[in-house]
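Enquirer: Sequence:
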Amino acid sequence: MNIVHLELLLMTQLMILGMTDIISQMKRLRIRRWWTKPHILRQVRDEFGAYATIFMYFKLNDHEEFYEFTGMTVIEFSIILNLVADDLTSTSNRPGLSPELKLAAVLNFLRHGNNVRSHSWYFRIGRSTMYKLIATVTPLIYAKLADEYFKIPQSEDEWIQIAQDIYSLYGFPQCCGVLDGRHFRIRQPANSGALCYSWKKFYSIVLMALCDAHLRFIYASVGHRGGRNDSGIFNVCSLCQAIERGEIRLPRPSRLPNSRVVSPYTFIADGGFGLKKFVMTPYRNPEFKTLEQMIFEIRLTEVRKNVERAFGILVIRFQIFDARLSFSRATSQNIILCTMAIHNFLITSRLDAGGENAAQRDNPSSDFEESDDDSDDGLAFPNVADFSPQPVRGDAFVRRENVGVDDEIQIEEANLLDGDAIRDRLSIYFVTEGAVDWQWNKLP
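In our numbering, the protein residues as written are 5 to 448.
Fair warning: there could be bad hints in the mix.
[As the list claims (entries may be wrong)] Simulated crosslink set (DMTMM-like; lysine to aspartate or glutamate; CA at most 25 Å straight-line):
#	residue 1	residue 2
1	280	90
2	155	312
3	446	422
4	136	51
5	281	104
6	204	161
7	136	161
8	309	417
9	281	90
10	205	296
11	136	326
12	309	326
13	281	248
14	281	91
15	446	417
16	280	417
17	136	169
18	446	251
19	281	356
20	293	306
21	293	80
22	280	161
23	148	91
24	309	162
25	281	312
26	309	291
27	281	306
28	293	424
29	281	51
30	155	296
31	309	356
32	280	104
33	155	251
34	293	248
35	63	80
36	280	428
[As the list claims (entries may be wrong)] Beta-carbon label-pair distances, calculated as ranges:
#	residue 1	residue 2	range
37	118	151	39 to 47 Å
38	358	52	17 to 25 Å
39	358	288	37 to 45 Å
What the hints contain is simulated information worked out from the structure, not anything from laboratory work.
Here the structure is a predicted model, which means the values were calculated and not measured.
Where a beta carbon is used, it is the ideal one built from N, C-alpha and C, also for glycine.
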């Protein structure tokens with residue numbers, strides 16, 4: 005190779021390097037055809053966007069359609085808007101989206117579950133802006149509502165009130181809530197293999213929830229991989245671990261209604277959970293059951309349906325759950341928690357007002373049920389959003405009462421019972437002092 009060829013080769017390499025630098029500089033500059041696309045200009049949004057043309061019309065003229073648009077009444081919308089308005093106000097010098105528009109866009113998206121791209125067209129806002137709104141508004145709503153409307157009981161009296169409500173509505177005594185898990189469809193996470201592939205034949209994350217008598221959620225742990233079962237997931241939840249460590253204590257055992265028998269307070273769950281001192285589940289011998297066992301399961305099933313109804317109302321109200329959640333895991337968790345907080349807020353607001361229950365408006369059928377039984381082995385999953393308040397330590401849940409010596413002895417004996425003995429005690433109670441007329445009609 006002579007000198008001329010070397011010079012040509014060197015010049016060629018320099019030209020290639022020069023072009024590479026130019027291309028990299030163009031990428032850094034991100035040359036655009038538009039600063040803002042024409043269809044999302046402020047003037048176009050104010051004239052043709054869903055907020056200006058549909059939302060405002062419904063808000064001022066048609067409250068029934070407003071409810072269908074947002075999933076709540078105008079007053080309820082205004083309450084949430086007042087809570088989040090300061091945080092949603094833009095601090096940029098450029099004119100931004102109003103807090104009301106941001107909230108309306110996110111609530112309508114959760115309510116109807118449209119594709120993000122089509123939803124951004126609908127409201128005349130950028131697609132990336134819509135993704136950003138979903139990622140920021142949902143955790144904000146949860147944070148503002150959780151302290152008042154989505155919290156685990158912090159005193160013995162609060163636990164007892166839940167148990168009294170469940171007994172008055174469903175006839176199951178000493179029950180502090182109903183446990184169950186719910187699968188939410190997601191796109192397959194990168195490098196996850198089959199870890200999130202559930203027995204329902206799709207990729208999912210699992211919500212573990214505790215529900216009260218009024219279909220409100222009082223505890224949630226969300227983000228568990230769909231390949232795990234309910235029992236394994238509950239064992240790693242903060243609620244289960246705090247109770248087992250004595251950091252959270254349910255009320256002291258007390259007498260069952262119309263009986264001198266003392267029994268502990270427990271939760272109720274389906275056959276996918278393991279039997280514990282504080283979790284009552286069905287018997288596992290379906291072929292050979294005594295009358296007491298069959299009646300126990302009839303009574304347990306009546307109250308266990310409560311959490312299924314709560315899940316059913318949640319997915320009916322927020323149709324985003326009809327399709328898979330095509331977001332990051334953190335955003336998917338925030339969406340689930342946000343909808344649960346709104347769910348609780350609506351029910352509590354209407355109960356406090358003495359009006360109709362939120363459940364009755366969105367789900368007139370009282371027979372809704374969807375079984376999520378799962379009995380496969382489960383493992384701990386570290387990357388989980390467990391949104392429960394810090395547990396109360398010590399003897400905060402132990403009520404100091406003036407009880408007789410006999411009662412105190414029975415309470416101490418009840419504290420020593422295992423799950424099988426507690427379940428057998430309730431089974432006998434349900435065919436003796438605790439029997440009700442309707443239970444006999446449900447026998448096979």
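Enquirer: With the threshold set at 25 Å, check whether the alpha-carbon distance from residue 155 to residue 296 stays at or below it.
Expert: At roughly 35 Å apart (the allowed maximum being 25 Å), residue 296 and residue 155 break the hint.
Enquirer: Regarding the pair residue 293 and residue 80, is the alpha-carbon distance no greater than 25 Å?
Expert: With a Cα-Cα distance of about 49 Å, the restraint between residue 293 and residue 80 is violated, given a limit of 25 Å.
Enquirer: Given the hint that residue 136 pairs with residue 161, does the C-alpha gap stay at or below 25 Å?
Expert: At roughly 41 Å apart (the allowed maximum being 25 Å), residue 161 and residue 136 break the hint.
Enquirer: Residue 281 and residue 312 were given as a pair; does the straight-line alpha-carbon distance stay at or below 25 Å?
Expert: It holds: about 23 Å lies between the C-alpha atoms, which stays within 25 Å.
Enquirer: Taking 25 Å as the top limit, are the C-alpha atoms of residue 136 and residue 326 close enough?
Expert: With Cα atoms ~22 Å apart, residue 136 and residue 326 stay inside 25 Å; holds.
Enquirer: Next pair to validate is residue 205 with residue 296; report whether the Cα-Cα distance is within 25 Å.
Expert: Violated: residue 205 and residue 296 sit about 37 Å apart, past 25 Å.
Enquirer: Would the hint linking residue 309 and residue 356 be met if the CA-CA limit is 25 Å?
Expert: holds (24 Å)
Enquirer: Given the hinted pair residue 280 and residue 161, is their Cα-Cα distance within 25 Å?
Expert: holds (23 Å)
Enquirer: Under the criterion that the straight-line Cα-Cα distance not exceed 25 Å, is the pair residue 293, residue 248 satisfied?
Expert: violated (30 Å)
Enquirer: If you draw a straight line from the CA of residue 63 to the CA of residue 80, is it 25 Å or shorter?
Expert: Distance of about 12 Å is within 25 Å: holds.
Enquirer: Holds or violated: are the alpha carbons of residue 281 and residue 51 at most 25 Å from each other?
Expert: Violated, because 62 Å separates the two Cα atoms, which is more than 25 Å.
Enquirer: Checking one constraint from the list: CA of residue 293 to CA of residue 424, max 25 Å. Satisfied?
Expert: Distance ~15 Å between residue 293 and residue 424 Cα, so the pair holds.
Violated hints for the displayed structure, listed by number in ascending order: 1, 3, 5, 6, 7, 8, 9, 10, 14, 15, 17, 18, 19, 21, 29, 30, 32, 34, 37 and 38.
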